[in-house]
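Asks: Each chain, written out:
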Amino acid sequence: MRKFLVALVLVLMLCVCASADDGVIKVGIFNCLTGQNAFGGQLELEGTQLAHSLFPEILGRKVELVIVDNKSDKVEAANAVTRLIENDKVNAIIGTYGSSLAMAGGEVAEKAGIPVIGTSCTNPLVTLDKKFYFRVCFIDPFQGAGAATYAFRNLGLKKAATLVDMSNDYSVGLGKFFRDSFKKMGGEIVASLFYQSGDTDFTAQLTALIDAQPDIVFLPAYFAEGAIVLKQAKELGAAFRFIGADAMDNPEIVTLGGDAVEGFMHTTFAYDPSMPEMNEVAKAFTAAWNEVHPDKAPNVNCALGYDCYIMLKDAIERAGSADPAKIRDALEATRDLPTVTGMTTINATHDAEKDMGIVEIRGGKKTFVGIVVPEV
Amino acid sequence: MNLNIFIQHFINALSLGSLYGLVAVGYTMVYGILRLINFAHGDIFMLGAYFVYFATIVYKLPWAVGVVLAVIGTTICGLLVDRIAYKPLREAPRISALISAIGVSFFIENFAVVVFTGMPRPVVQPPILMKPIELSGGVRLIPLGILVPVVAFVLVGALLWLLYCTKPGLAMRAISFDIETTRMMGVSVNGIIALAFGLGSALAAVAGIMWALRYPRVEPFMGMTPGIKAFIAAVFGGIGSVPGAMIGGLILGFVEIMSVAFFPTLSGYKDAFAFLLLIMILLFRPTGLLGEKLEDKI
Amino acid sequence: MKRTRNLLLTVIAVVLFAFFLDKAPELLNGYWQRILNLIAINAILALSLNLIYGITGMFSLGHAGFMAIGAYVSALLVLSPAQKNAMWILEDIYPWLLNVNAPFIASIIIAGIVAAFFGLLVALPVLRLGGDYLGIATLGFAEIIRILITNTARLTNGSLGLKGIPAYTTLFMSWGCLGVVLLCMVCMLRSNFGGVLRAVRDDEVAARMMGINTFRIKVIAFTLGCFGGGLGGALMGNLITTIDPRMFMITQTYNILMIIVVGGLGSVTGSIIGSALVTTMLEWLRFVENPITIGSINIPGIPGMRMVIFSLLLIIVIIFRREGIMGMREFTWDIFFPKPKPKTKPGHEDTDTVLEVRDVVLKFGGLSAIENLSFDIKHGQIMGLIGPNGAGKTSAFNVISGFYKPTSGTIKFMGKSIGGLSPDKVCREGMSRTFQNIRLFGHETVLQNVMTGSRIRQSYSWWMTLAPFVFSDVIREDAAVKARALDLLAQLGLEEFADEKASSLPYGAQRRLEIARALATRPKFLLLDEPAAGMNPQESEELLKFIRRLRDEFDLTILLIEHDMKVVMNVCDYIHVLDQGVHIAQGTPEEIKANPRVIEAYLGKGAA
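Chains as they are written, first to last, in this note's numbering: chain G, 1 to 376; chain Y, 1001 to 1298; chain E, 2001 to 2608.
Bound-form chain G, shown alone (with noise of 0.2 angstroms):
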């Protein structure tokens, strides 16, 4: 026992942090940098980053950004919150990717106080009666709504089913509301079928979809997997069309999927390079991400990230302070906010209302459509 506080003491000694400087803002990131969800954290993370370098001062005062690893995993995520509040005395946090990190960290930042603007954290819960947690983006029961909406009304697509991903429940979230929407509209689910994270191989589900003959599939999967079921979709020779949401928005969908991504769809955040009437916001933020990253497009991922400074820099201003708790008042206040993914209104629940656009892979190209209204 003595020996191991000694140990302990020893540790406690060698980890203390520098405290905070009075004259700089800290905001602090936690998001998915390795494990599992690393794409996606990375992109945002390089999008908060991007608005950084063009907005390095807020009120006057340097701000510096304190970026903490939650490695796509929820006792890491606790941790990392953790960490940012106590050892670096953050007076703000963006993040993350993924909703279950998202509560994690949400928990501990309640507790302390510290206001949390969430990336692409989409599920319901996460905002759930918190009083300091935010978010840039629009939930996924809208998202559902929005994609059944368009298969259904736009293109007059009546028979649909959905591959979902059971052990995810961004993909459970947004199968449940799209066959729920889509049924109210009138349509018939002929089939839902399930995988788990980690498959490579979907032909077994596949073949039941081309068994079951839908008009349309959602698939609500991240960009890596859909990717693989579209190709494998192709092979099989699956007459119907995809649609998928926003965690399929992404510039290597083109470079994975091939071919067999051509004609797929799916709703997103109203911010895509291919857009043709962008607003201010968006045209800054393509400018600046094509100068830093010539060899990459910027994503919804990226433009969220940014989005989520540019909110933070918004309340700051507006509260004319870097205070924690004066910062989330005006946070709750954000309205009509220009930011790269439309106009953004905080609501009631702490979630962003904003547009949500449809994307189609034309000629090997993401090319935006238009722009959906969900029939909720």
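If you're looking for bench data, these hints aren't it; they were derived computationally from the structure.
Among these hints, one or two may not hold up.
Stated by the list, open to error - Within a straight-line C-alpha distance of at most 25 angstroms, the following computed BS3-like cross-link-like pairs (lysine-lysine) qualify: (1) K111(G) to K2023(E); (2) K89(G) to K2023(E); (3) K62(G) to K326(G); (4) K2002(E) to K2566(E); (5) K365(G) to K1131(Y); (6) K1060(Y) to K365(G); (7) K1131(Y) to K234(G); (8) K89(G) to K131(G); (9) K2378(E) to K2425(E); (10) K2416(E) to K2378(E); (11) K296(G) to K283(G); (12) K2405(E) to K2363(E); (13) K296(G) to K365(G); (14) K1060(Y) to K296(G); (15) K62(G) to K89(G); (16) K111(G) to K26(G); (17) K326(G) to K89(G); (18) K326(G) to K131(G).
Stated by the list, open to error - Just a few of them, taken from the derived set where beta-carbon distance is under 7 angstroms, the chain Y residues facing chain E: (19) S1100; (20) G1103; (21) N1110; (22) V1114; (23) G1137; (24) L1141; (25) P1264; (26) T1265; (27) D1271.
Cβ coordinates follow ideal geometry from the N, Cα and C atoms, glycine included.
Given chain G, work out where chains Y and E should sit, using these hints.
Replies: This is chains Y and E only, laid out in the frame that chain G set:
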């Protein structure tokens, strides 16, 4: 379900099963000789896929060259892993080597994240392998779907020939039986173990390449699930048995595909079916289908 | 006196630590408090897996599954109905579940019990498997549990998981639970029951011959370990305040396994040190992912670097300290004090036909190992069983002692039929044996080896050892068993080795120790399998006297297999000869010496 759909499922299962079998054979190879559950096998497999990605997409080499380079590269990596992380632990309790294997697995995965980033990468599929062949009644088959089982069976055959018809093979079997006595017989035990490990890694590379061809995407964690699945397949067949691993892989592939085919509403339970069957088999055959019976000598 | 001193020191350390915990909210920020909490929870998980794997020797990869059960049970019990209503957004919650509620303490205990119940369900079928096969089967169960949790959304909210679990896991709560677990485990491991657990790990076959129902022991240890897993999972859920099925993947089990191996497999203090080390290391290494400024050089933070360094450190630790930090040793206060000289103290223990073997046949597949063996042994006799290699002598021993079931025929021991009884039951009837290739519990002390033999003659139950201060029988009986064991060691001239590791003894002493251990089960009948193997003529001479002394002092009947003809002819009252499973001759030593069939069997045809 009509017959055509069933045939399609059957073809799918054969393709998936032989891929599992291919990964499992490499697993069982190392296990049979070293009695080490090489948890890093899936990650060596991932390295194989990355080597192909680099050779064909980044350096634009022809496919055949890329494959050869990837197999060589992966084998060297496998040998390095053995030399650094496993060889010092040959005489140690088995759990030490196992933890070392888990450490190696963590290391390779995260090293890949640091070096390659977490972004999934595409793989070039030679078009000739991908052109679907339409069989009667809408059943489709891609040439790759035939290539995978063929490669798997040829490799298993070659391995069996090596194990049972050559001197190094005899030495390997002797080592798995009694390492001390084999050493006494004048066999260079370390050389043979390195050979086995190199073979295991080369098999992992081939499996990784086939996998990347079939599911054209490489990413740092792509080896995790196939690693676990191959472990199950190897146990199905009896760890250490090469034909057993192949049979185990096929069983696993068929269970996964057919459970979805017959019970589409229960497709969320797919992996549970596979594990349940595994446990049932073990209860009736405690050392797998073709595993040697372990008799505790009294 | 030493005990009092150590107890005192422990109490002081615990009080100091409690005082530290009390002041922790002021001394440490929330971040370090959380890490302290995690250390305690990881230690509970590590201790419970160590009980299963390190101490009882069952390779289990299923701990994450039992953690999941614990975490879910506790969370479902402490969440309020309003929270549950708000959270089940995809499927409706089962109505009965909505109002199920329990206070936190009750919830974690129920969590442990439910996990233990599932552990028991898993244990009953799969603990028959050995080694790696057990590992994969338990891994399979853990995965099945996780898949079930993912799919039963009405019960568990599926992949959405649960959130808003009240953060009941305070420092006092987690360290308090660790304290209780630790106390129970140390008490149990120090009792003779703990010795039995380690004996099962070291040599299951020998343990069965000590009358131990090894399957039952394994089931108990596994179930207790699962209780710990459930408890740890419950505490974890109430610390993180949100859980979902993906938290409980195989990597979670790897983490715990890593802790116990780094700490030292089988070492209780090792698990705690390992937990503190691994948990703090993982957190402390975060600095490598932040930008570092050394002087004027700026190194940008590299994501993923932390796990790269961590895994390298892990490999290095394992390569250079393969047994882990503590090995199988435990931390004791004694390391601060010079070792006192060990002292030893001297103390002691009936039908005419003891064993009756009739027409016993033993076949493996088509091969018969024994054909129609019949003989009787009278009380007090020393009987020899001889024959050339492959004659079926050891097979005969294995049939008599219960390792093999006879294909046909009857075996009566003290008038009771024992054919087909398992070795532990046979041992309970009063029969014990030694093995041709010595089977000691190698990692245990000589004294503990003998004490393990006495376990079947103790009356207390295993669960009493969790709280020996309540059930004083444990302490009293263990003391008596220890005294008797020391006595046995003294009689066999092994008292000087009492505290040494059994595997470190010289060969002859190991043989005697095996006999001492067999005697500790208080047998009436002893089977000796080649006691003179590997002995020089002088040692064999001593053995002769020793065997006779055994019979006289312990009132034994002895059956022995021996190759050394000098020993056989001098010590045995009567001899049976087997050749290729066939009973070819019997008689006094003089008759056997003159029997042509025996000579032919030994030297080949034509020799006579």
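Asks: Tell me, which hint numbers fail for this structure?
Replies: 4, 23, 24, 25 and 26
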